[in-house]
Amino acid sequence: MVDGILVWRRLVGAQIRSQLQYRMSFALDMTGTFWISFIDFFVVLTIFHNVPRLGSWTVHEVAFLYALSAITFAVTDLLIGHLDQFPQKIRDGNFDIVLVRPRGTLLQIVASDFATRRVARVLQGVIVLVYALSGLHIHWTPAREAVLLASLPSAAVIFSSIWVVGACIAFWTTDGGEFTNAFTYGGTTMAQYPFDIYSAWLRRFLGYFVPLAFVCYFPALYVLGKPDLLGVPHFFDFLSPAVALVAACIAGSIWRFAVRHYRSAGG
Amino acid sequence: MRLDWEIAKRGWRRYAAYPWATVAGAFTNTVFGFLQAYILLAVYRHRANVGGFDQADAVTYVWLAQSMIMTVYIFSWWELAWRIRDGSIATDLARPLDPQRYWLAFDLGRAPYHFLFRGLPPFVIGALVFQLHWPSPLDALAFVVSLTLAVVVSFGFRFLYNSAAFWLLDFRGIVTLSTTVVIFFSGMAIPIRYFPHALRELCYALPFAAVIQTPVDVWLGKRSGLDLAGVLALQVVWALALLGLGKLALGRATRKLVIQGG
Amino acid sequence: MIEVEQLSKQFVVRRGRFRREQHAVEAVKEISFRVERGELLGYLGPNGAGKSTTIKMLTGILVPTSGRVTVAGLEPSRKRIELARRIGAMFGQRIQLWWDLPLLDSFQLLRHIYRVPPERYRRNLDRFMEVLELDSFIHTPVRQLSLGQRIRGELVAAMLHGPELLFLDEPTIGLDVVAKQRVRDFLVEINRDDGVTVMLTTHDLGDIERLCNRLLVIDHGSLIWDGGIPELKERYGGERVLVVDLEASAPPLAVEGATVQRVDGPRQWLRFRGSASELTARVAAAARIVDLQVQEPDIEEIVRRIYSEPGSRA
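Protein chains in written order, with our numbering: chain F, 2 to 268; chain Y, 33 to 294; chain Z, 1148 to 1461.
What the hints contain is simulated information worked out from the structure, not anything from laboratory work.
Built from N, CA and C at the ideal position, the CB exists for glycine as well.
There could be a bad hint or two in this list.
What the hints assert, rightly or not - Straight line, CA to CA, 30 Å or less: simulated BS3-like cross-link-like pairs of lysine-lysine:
{"no.": "1", "chain 1": "Z", "residue 1": "Lys-1226", "chain 2": "F", "residue 2": "Lys-90"}
{"no.": "2", "chain 1": "Y", "residue 1": "Lys-41", "chain 2": "Y", "residue 2": "Lys-279"}
{"no.": "3", "chain 1": "Z", "residue 1": "Lys-1226", "chain 2": "Z", "residue 2": "Lys-1176"}
{"no.": "4", "chain 1": "Z", "residue 1": "Lys-1327", "chain 2": "F", "residue 2": "Lys-90"}
{"no.": "5", "chain 1": "Z", "residue 1": "Lys-1176", "chain 2": "Z", "residue 2": "Lys-1380"}
{"no.": "6", "chain 1": "Z", "residue 1": "Lys-1327", "chain 2": "Z", "residue 2": "Lys-1380"}
Unchecked claim - Not close to chain F: a few residues of chain Y, all C-beta gaps over 10 Å, as computed:
{"no.": "7", "residue": "Glu-38"}
{"no.": "8", "residue": "Arg-46"}
{"no.": "9", "residue": "Ala-53"}
{"no.": "10", "residue": "Ala-56"}
{"no.": "11", "residue": "Leu-148"}
{"no.": "12", "residue": "Leu-173"}
{"no.": "13", "residue": "Leu-272"}
{"no.": "14", "residue": "Ala-273"}
{"no.": "15", "residue": "Leu-275"}
{"no.": "16", "residue": "Leu-277"}
If we strip away everything but chain F, and leave its shape as in the complex, we get (with noise of 0.2 Å):
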């Protein structure tokens, strides 16, 4: 396990010292990749521009969720986007390769690729937050400081958990890729926005069954002190990391599943 991050830190050192290099191409990528991701932001800008508030929420808090939701996912995004093009290593027949190497398969899937350009997402989100808190007075005790920690590697576990089921989709059919980003995108999308606004199904079924409520929204409630409008128990607030590990626990059920198709059914 421990050597496994030293294979992906010298990936990872490997990759940016090779994109660097091309020095001005880099620069378009980062700045393409930075506007791209900021554009959600500027649909909240203009929201508020029309209305003085969503639901009971201000432009700082919403700003607040986006960050939350944009730094968490930019950062998975960053790690683990690769699995994007999953579907196309399994069509090309790469991955037996990595049935052939000593090591597990998810880890060596995520380190096949690490694309430095998506720090720009990172870095639009920091700035959504920075502005976020410039605009809120929030009332900080320890408990929150600790949710709040515990929330960030909590949304990247969950991200990468519903990312990692989405690409096991692969093992059964190469076209079904896009599919995963109605997740993974649209996830963090909708962790941008107060829960209470979408409908009852659809919180069920994306804020629940696919956790996504619990990557920032509840975390967010008890942070910024505000009560949530569905009579959702309090507790809720603090599910964050549990939810995580059971997200967890199921992607590396389902993947480790997958695998056991892909090998008793051929490439």
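Since the structure of chain F is already known, use the hints to place chains Y and Z on it.
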């Protein structure tokens, strides 16, 4: 003319060959449709009218936009750039067929496929769940015209930013930035009408509004009479302008052809 | 090293628009063979015969439907990771190196993946770099390498951790003559000097002739030949050709047991069966020979004959 038809069929088949991809894509569009619909509905709890759109208009806009995404192909289109990158463009240029005309015919064959199989399903679902605005017969007809023109305008722009590959080895940044521009200024991310006044005027002056916002305005009956003729004419103007620029780029590139091979 | 007993693999193939109809395909039908340590054998068969499927079962990629397989004393499908440490694999048409990174970076990554001790890594790398002449492009990104360079890189990648057994799937495909020779020399060296067992899947019969002392031929899922190449030629070879250079141009020789295939000035090609020395004696009696040569049958011809014969012979 016959050749154009054959090429168009090829464009259709290229995407029809992957039915699961189409289903997956339509699903994603539907999910985003629901998300965006609820976001905008939350806005309308505070106001009845924003930028000339009432609630029904806004929800209709959401489902129209999601349905149009693939028809006008808003997201990054790479086909031409890849051909330039791997050098096959040389064979294309040696043939007595204008590459721009080829790809336009190809795109016009592709668009109906996406309209039917990635556009209709999400829209139908949206229509079943929400109260949408339905156009008058004239507006519906005008919409079809406007949508077709939107495809051509979008194609013109896509052709242009793909030609960047003639000059740049790593054109991914250009493609991403171009896609960003289209998504933002076309009204796909959020209606142009919601922007502050100055920005809104700017957007309507740019060609990108012709890709999403204009057809949507037409469907919603926001344009009538002379105004309607005006926006359709503007779409035609932009289509011709972008195609013209593309042709210029192609000519310039052909002259200084640098084939970037493997 | 490898023990295969009644190994079978069945696939369920689905056809139709959304994959509704199903039927079972037997890709590998109860094949059995043994490979001893240090052998260099070729695995031949027409496309779709079951070669890749067999290799995948030997390397642990695929789980067999029935039968037993043991590689290096381990069951591949159960002990995948343990086995992976002892074997190397190279799939000629697929890329296992990191596309955007310099070759050396790929090697260093693999070193960590295989947990190769630094001194052994250094030693192996230096040696392979010298033998395969990688110096000029070791720092070039893999995507900029020519096919020959990439294949050499992939070979090193497969060998860096010092495996006991090497599986190669079409390693020389698409290479020019010089590159092919380099690869073949490398394989001979590691087999002879390091005792690495090599199992080579190939369509290139030059590879077979120059490298393998044993050949396995598979067709339609069944093993139809398992033996050495001389035996193969004897069983299926049939006719050979005696090329004689006469002192002077002459009309086609009439010699018992041979038919003249071709005449070109003083050189004549005689097709015959059986003993070459006896024929030479008869030709010498009929004309004055300046030089002669015996041509073995083309292995391609032989293999073609095997493929066209029904049933299995092992």
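Hint check results:
{"no.": "1", "hint": "Z:Lys-1226 with F:Lys-90", "result": "holds (24 Å)"}
{"no.": "2", "hint": "Y:Lys-41 with Y:Lys-279", "result": "holds (23 Å)"}
{"no.": "3", "hint": "Z:Lys-1226 with Z:Lys-1176", "result": "holds (23 Å)"}
{"no.": "4", "hint": "Z:Lys-1327 with F:Lys-90", "result": "holds (28 Å)"}
{"no.": "5", "hint": "Z:Lys-1176 with Z:Lys-1380", "result": "holds (26 Å)"}
{"no.": "6", "hint": "Z:Lys-1327 with Z:Lys-1380", "result": "holds (24 Å)"}
{"no.": "7", "hint": "Glu-38", "result": "holds (25 Å)"}
{"no.": "8", "hint": "Arg-46", "result": "holds (13 Å)"}
{"no.": "9", "hint": "Ala-53", "result": "violated (4 Å)"}
{"no.": "10", "hint": "Ala-56", "result": "violated (4 Å)"}
{"no.": "11", "hint": "Leu-148", "result": "holds (17 Å)"}
{"no.": "12", "hint": "Leu-173", "result": "holds (31 Å)"}
{"no.": "13", "hint": "Leu-272", "result": "holds (28 Å)"}
{"no.": "14", "hint": "Ala-273", "result": "holds (24 Å)"}
{"no.": "15", "hint": "Leu-275", "result": "holds (25 Å)"}
{"no.": "16", "hint": "Leu-277", "result": "holds (21 Å)"}
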